[in-house]
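S.K.: Go by the hints and put chain B onto chain A.
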Amino acid sequence: MTDLLILGAGPAGMAAAIEGRRQGLSVLLLDENAAPGGQVHRNARADAKGPGDIQAHAGAALMAELAASGAECVYGATLWAIEPGPRAFYSVGGEARKVEARRIILAPGATERALPIPGWTLPGVMGVGAAQTLLKSAGLVPQGQVWIAGQGPLLWLYAAQALAKGGKIAGILDMSDPGALKRALWHLPCALRKPRYLMLGLAWMRAVRKAVPVHRGRDIQALGDGKLEAVVINGTRHQADTLLLHDGVVPNTQITRAIQGLEHSWNERQRAFQPVLDAYGNTNIPGIMVAGDSGGIGGAWAAALSGRIAALGAAQALGRFGEEQRDALAGPLMLRRGDELAPRGFLDTLFAPLPLPEAPATILCRCEEVTRATIEDAAQLGCLGVNQLKAFTRAGMGACQGRICHGLLHAAIAEARHVPPAEVEAMRTRFPTKPLTIGELAALAE
Amino acid sequence: MNRALIIGGGLHGLSTALHLARMGGWRVTVLERRHVGRHSSGVNAGGVRRLGRDMREVGLSVIAAEMWANLPKIVGDDGGFRPFGQIKLAESDADLPKLEARAAATRLRGWTHEEIIGRDEVLRLLPAVSPHVRGAMIVRDDGSANPMRTVMAFRRAAMEAGVEIIEGIAVRGLARRPSGTLVVETDRGPMEAERVANCAGAWASGLAAGIGEYLPTTPKASMMIVTERLPFFCLPTVGSAARALSFKQSEVGTVVIGGGHQGANDLVAETSSQNLMNLAKAARIAAEIFPIVAKARIIRSWTGIEARTPDEVPVIGESLVMPGLFHSFGYSGHGFQLCPAAGAAVAELMARGSTNMPVAELSPARFQQQKAAA
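Heads up: the protein sequence lines correspond to chains A and B, in order.
With this note's numbering, you'll find the first sequence wraps up at 446, consecutive numbering, no jumps.
With this note's numbering, you'll find the second sequence wraps up at 820, consecutive numbering, no jumps.
Just chain A, with the same shape it has in the complex (with noise of 0.2 Å):
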């Protein structure tokens, strides 16, 4: 049995077992891809340098400790079950493995907000968070006429590296809210605690502008037949190969919704559910605690921060010592996770998420192919939620199992009921919440 089981090395991850290992725990570190580092940290030593640098060397500071920490890791590893006790499944190479664990630390991340305009099926439409993987571990860049269009940091970050890696862009289509900027100073005060994020995003902003036309509004449809072939932008026709979207991110709770009874909050601000937590990141579930941004949007810094946090949190559960040390050797971080959250007030509300598109042939659930007019539909016959909407339109049971679509399905209910979205309950999810084969279930039979 290890002390302390720890999934994701992004930042969280990371930092939680480095933190835990000084604690004298012994800490088993599960982790999807062939190195550490997360999505924000992917390739961090290889970035030390253009946008995003600062980033990157928190992000190799935080590899070379892990290195040093004594933690195992192990990579290319996938997480797909936990139950009480709490007990852990999951597969490397083809192969299930169960692991016992005094405490849990979930820290898979963030996962990017769909947002489906329409044609966002086609083939060479892809999420910007997904571009950005394939920049950063491949040095890969989209060729031909590229399009980006949404809002948030992430998109001016990727247009600012892909241009510092020679990609070109043909156009960005900026869908902020132009309105929203106002609504957002009042917010400005307390970002300023920690202007870092609002330096570094303007500066991504300038450096785009001058290099790729930006064009303003909500108006954009993607063609083709089979492929991408043009996106048609406040109803005019542009060439394109590749189309990248991009609307903000939001907790990974794929594996928390999964468990029976862990408790869940609609977060209006960032328009998610995310775990309750308390201020070590402890779930309602013993045992289970959860680190980074899957407990509610922070930041790579604040992900670090509450990953070490809830290591102490773990340490003294574990008897490490008592509370009173905990909390003296947590409250500078909790103070520093304070500063780091600062902008999140001002980020929240001068992103706020992009409202659904109008057209009701819109695709909302791209396995099932489930339209927004199918779903207003099934409101009109009854249907009260996404776990119903299931069985009223097959919505969410496809191949991706609502990972992508889960958020859009809720938003589009509660906008059909006329009801705020904290009154629809969480789409709920099943064990394995990642694929794995027969076979490999099969050998963990006794």
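These aren't lab readings, by the way, just hints derived from the structure by calculation.
Hints may contain errors.
As the list claims (entries may be wrong) - Below, in silico cross-link-like pairs of lysine to aspartate or glutamate (EDC-like), each with a Cα-Cα straight-line distance of 16 Å or less: (1) Lys741/B x Asp633/B; (2) Lys168/A x Asp241/A; (3) Lys666/B x Glu716/B; (4) Lys98/A x Glu83/A; (5) Lys741/B x Glu83/A; (6) Lys434/A x Glu674/B.
M.R.: For chain B alone, kept in the frame of chain A given last:
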């Protein structure tokens, strides 16, 4: 108009409501605590099976089979029913005589649906099956259906027949006025009716206990696995004589594996969850019988809560404690196929006080005798 309240918006509640409304003269309301088909009705394995049933419910099952074949005429949709057979495999030489004895016993009672087939016929019907099989018992026109689609079809048909369905209403208890009118206490206040049906699934036994009626059930949460889409290799639904398995390939190519392997359930929280080591057993049996699925990716697994009686057949009949109250629950993991016929039987009992449907052996009275003996 007489009033009837149906507690529970699962398939049995919906079917009972539908049949009662169609008799005329009844204003029927279904009370559902969450939403229609929330538990096992919407998430069961979808087996439409007479094969190997307990003799006490074969008669009802045979009637239900005729109704499944005519389901579009009854509810306007076939529920995804595909009559491609149900097969129970003999995996060893010891299994075969047991299956033969069973089929003979069924024939002795006048039913001819069960048939014994040899290894060659099994391999012809199931080209992908492991070569270790010895033979099988088969019902060629059994099959499988889509539970969610069936729930939605019964829901639609019930509403078209004039049934009112109230979702999000919780029943707290039952009472009977001296006049004979029944009162259903809900979280939205009391509701009155001449007849009430208890179709509350895993929670029905608790409701009966609330009026002092002893109808014991234990909750179960059978787990299911569904894989990615595979090329078509199996039309019938396949089980094993000696091992817990239900195996079928759906009309879109996904493989659904069940067999009664149990997850965990929580009646108070109204949730269930998987037990991965039990799920691994189901996967192992499936992969041993159909080696072709070992490499298939699991897309999802799930469970649903329902009630199992001590003798594994349902409770169908009028309450011995509260006249006017009719029970229909405890289907013990095989109630899906029975739902068209069971609903018709319960509706007749409610409206007329009697039925020609063969449900006498399923009466609640059997537990009264048991309680008296104990």
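S.K.: All hints, please: hold or fail.
M.R.: Here is what the structure says about each hint:
{"no.": "1", "hint": "Lys741/B x Asp633/B", "in the structure": "violated (49 Å)"}
{"no.": "2", "hint": "Lys168/A x Asp241/A", "in the structure": "holds (12 Å)"}
{"no.": "3", "hint": "Lys666/B x Glu716/B", "in the structure": "holds (12 Å)"}
{"no.": "4", "hint": "Lys98/A x Glu83/A", "in the structure": "holds (10 Å)"}
{"no.": "5", "hint": "Lys741/B x Glu83/A", "in the structure": "violated (24 Å)"}
{"no.": "6", "hint": "Lys434/A x Glu674/B", "in the structure": "holds (12 Å)"}
Comparing the model with each numbered hint stated earlier shows that hints 1 and 5 do not hold.
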